[in-house]
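Student: Going down the list, the protein sequences come from chains A and B.
Start counting the first sequence at 0; every next residue gets the next number (numbering that gives the first Met the number 0).
Start counting the second sequence at 0; every next residue gets the next number (numbering that gives the first Met the number 0).
None of these hints come from the bench; they were simulated from the model.
Note that the Cβ used here is the ideal one computed from N, Cα and C, for glycine as well.
Treat each hint with caution, since some may be false.
As the list claims (entries may be wrong) - With a straight-line cut-off of 25 Å between C-alpha atoms, the simulated DSS-like cross-links for lysine-lysine are:
| no. | chain 1 | residue 1 | chain 2 | residue 2 |
| --- | --- | --- | --- | --- |
| 1 | A | K78 | A | K175 |
| 2 | A | K75 | B | K61 |
| 3 | A | K75 | B | K53 |
| 4 | A | K39 | A | K94 |
| 5 | A | K103 | A | K69 |
| 6 | A | K94 | A | K175 |
| 7 | A | K94 | A | K78 |
| 8 | B | K61 | A | K28 |
| 9 | B | K53 | A | K28 |
| 10 | A | K75 | A | K39 |
| 11 | B | K53 | A | K69 |
| 12 | A | K69 | A | K100 |
| 13 | A | K103 | A | K151 |
| 14 | A | K39 | A | K78 |
| 15 | B | K61 | A | K78 |
| 16 | A | K175 | A | K75 |
| 17 | A | K175 | A | K39 |
| 18 | A | K75 | A | K28 |
To be verified - The following label-pair restraints were derived from C-beta to C-beta distances:
| no. | chain 1 | residue 1 | chain 2 | residue 2 | range |
| --- | --- | --- | --- | --- | --- |
| 19 | B | L72 | A | L31 | 30 to 36 Å |
| 20 | B | Q85 | A | L31 | 52 to 58 Å |
| 21 | A | D61 | B | F54 | 32 to 38 Å |
| 22 | B | R38 | A | E171 | 36 to 42 Å |
| 23 | A | Y84 | B | F78 | 51 to 57 Å |
| 24 | A | G197 | B | N27 | 38 to 44 Å |
| 25 | B | E7 | A | D30 | 44 to 50 Å |
| 26 | B | F64 | A | A147 | 56 to 62 Å |
| 27 | B | F51 | A | T85 | 35 to 41 Å |
| 28 | B | R28 | A | S169 | 29 to 35 Å |
| 29 | B | F54 | A | F77 | 25 to 31 Å |
| 30 | A | G79 | B | E43 | 26 to 32 Å |
| 31 | B | M55 | A | E43 | 34 to 40 Å |
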Amino acid sequence: MIMAEPAERTESESPVPEHESELVARARKGDLAAYDELIKRYQERIYATIYHMTSNHEDANDLAQEAFLKAFQALKSFKGGSSFYTWLYRIAVNKTINFLKQRKNRQHMSLNDIDFQAEHDPDLVALVSEKTPRRDAGLAELQEKLNAALLKLSEPHRLVVVLHDVQGQSHEEIAKVVGCNIGTVRSRLFYARQQLQGYLADYLK
Amino acid sequence: MNENENFESLRRLLALKRREIPPPGYFNRFSGEVIARIRAGERESAAAMPWFLKFMQIFEAKPAFASSFAGALCLLLVFGIVYAEQSDQTPQPLLQTSQLSPEPLMASAISATSMPQPSEQNLFASSISNSSPSSLQPLFSQNSFAQPVSFTIPGN
Numbered sequence: 000m001i002m003a004e005p006a007e008r009t010e011s012e013s014p015v016p017e018h019e020s021e022l023v024a025r026a027r028k029g030d031l032a033a034y035d036e037l038i039k040r041y042q043e044r045i046y047a048t049i050y051h052m053t054s055n056h057e058d059a060n061d062l063a064q065e066a067f068l069k070a071f072q073a074l075k076s077f078k079g080g081s082s083f084y085t086w087l088y089r090i091a092v093n094k095t096i097n098f099l100k101q102r103k104n105r106q107h108m109s110l111n112d113i114d115f116q117a118e119h120d121p122d123l124v125a126l127v128s129e130k131t132p133r134r135d136a137g138l139a140e141l142q143e144k145l146n147a148a149l150l151k152l153s154e155p156h157r158l159v160v161v162l163h164d165v166q167g168q169s170h171e172e173i174a175k176v177v178g179c180n181i182g183t184v185r186s187r188l189f190y191a192r193q194q195l196q197g198y199l200a201d202y203l204k
Numbered sequence: 000m001n002e003n004e005n006f007e008s009l010r011r012l013l014a015l016k017r018r019e020i021p022p023p024g025y026f027n028r029f030s031g032e033v034i035a036r037i038r039a040g041e042r043e044s045a046a047a048m049p050w051f052l053k054f055m056q057i058f059e060a061k062p063a064f065a066s067s068f069a070g071a072l073c074l075l076l077v078f079g080i081v082y083a084e085q086s087d088q089t090p091q092p093l094l095q096t097s098q099l100s101p102e103p104l105m106a107s108a109i110s111a112t113s114m115p116q117p118s119e120q121n122l123f124a125s126s127i128s129n130s131s132p133s134s135l136q137p138l139f140s141q142n143s144f145a146q147p148v149s150f151t152i153p154g155n
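This is chain A alone, in the form it adopts within the complex:
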């Protein structure tokens, strides 16, 4: 559906998006409106990373909220050495890894629904109808197998795969978030992909 051309807007109706550093400075002084704006900017990426790490919507919701809460409380200690986004990401990732270590023996998947448009994605259609030996395998089954395979990886390896292959981050960005060098990121990514290929061999032939 083609949307109608919006009417011309005045400056007051469409405010210029505030720079991240200005929002951070205001949030540090306790301005919750500024922090609300920061949350809205990063909530989807933070939630998605945690969700792909846990394969559980409820856990991802709790952890994402706690990460934003912790970030607000620790905002005074934020020196600005890295971007707020990287710093926030690090908090979220550390919280998630600590949580996963604690719940190691009780992994329970609570998967989100697949986007309706996925059925029309040519890559996914090809995977389901042509590459899959069991031709009746639907997207939902594939999703479950994929998440189960990811959960078999160790947390550091899963994190690198999620950030690179799912979130589309560069090796450099991942190295900053994880706190290791790029070589380590590359080697972890290679090992994790090898492992996943083994787990999902039936769906990749």
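Chain A is fixed; fit chain B onto it per the hints.
Tutor: Frame of chain A, contents of chain B only:
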């Protein structure tokens, strides 16, 4: 063939993960829930905070107030020291008069102890016990009375 080509099928499969979406309206509510939790936490911590921490928070918010408060404390300390030194010096005029003649000292000792018709020895004892150590020395140096004491030990 590079590493990406080796894992191309896997990467296409992993792309399925990007299609997983939370329940409708989830992100519309998310920031509001976080802000509500922050507000609730602030209220709780404010209620549970001891009075002196609340007091210290005033200084965190206003450094100028903190420095002026510290300055006022320093002034108070200096004033206290000066006042204490002055009050230490006030007994001296009394000492000087007592050095001239023992009678005024005795008179003041009598009024201080409020003992009816005390003997001369009792007066001395009371004046010694009531005066400060610094005022004893000039007393003994000028008006030292020595009285022989004989003890009778039973059985000797």
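Student: Each hint: holds or not?
Tutor: Now for the hints, and whether the structure bears them out:
no.	hint	in the structure
1	K78/A - K175/A	holds (16 Å)
2	K75/A - K61/B	holds (16 Å)
3	K75/A - K53/B	holds (18 Å)
4	K39/A - K94/A	holds (20 Å)
5	K103/A - K69/A	holds (23 Å)
6	K94/A - K175/A	holds (16 Å)
7	K94/A - K78/A	holds (20 Å)
8	K61/B - K28/A	holds (12 Å)
9	K53/B - K28/A	holds (17 Å)
10	K75/A - K39/A	holds (20 Å)
11	K53/B - K69/A	holds (22 Å)
12	K69/A - K100/A	holds (19 Å)
13	K103/A - K151/A	holds (11 Å)
14	K39/A - K78/A	holds (22 Å)
15	K61/B - K78/A	holds (21 Å)
16	K175/A - K75/A	holds (21 Å)
17	K175/A - K39/A	holds (22 Å)
18	K75/A - K28/A	holds (9 Å)
19	L72/B - L31/A: 30 to 36 Å	holds (35 Å)
20	Q85/B - L31/A: 52 to 58 Å	holds (55 Å)
21	D61/A - F54/B: 32 to 38 Å	holds (35 Å)
22	R38/B - E171/A: 36 to 42 Å	holds (37 Å)
23	Y84/A - F78/B: 51 to 57 Å	holds (54 Å)
24	G197/A - N27/B: 38 to 44 Å	holds (40 Å)
25	E7/B - D30/A: 44 to 50 Å	holds (47 Å)
26	F64/B - A147/A: 56 to 62 Å	holds (59 Å)
27	F51/B - T85/A: 35 to 41 Å	holds (37 Å)
28	R28/B - S169/A: 29 to 35 Å	holds (31 Å)
29	F54/B - F77/A: 25 to 31 Å	holds (26 Å)
30	G79/A - E43/B: 26 to 32 Å	holds (29 Å)
31	M55/B - E43/A: 34 to 40 Å	holds (39 Å)
Consistency note: the structure conflicts with none of the earlier hints.
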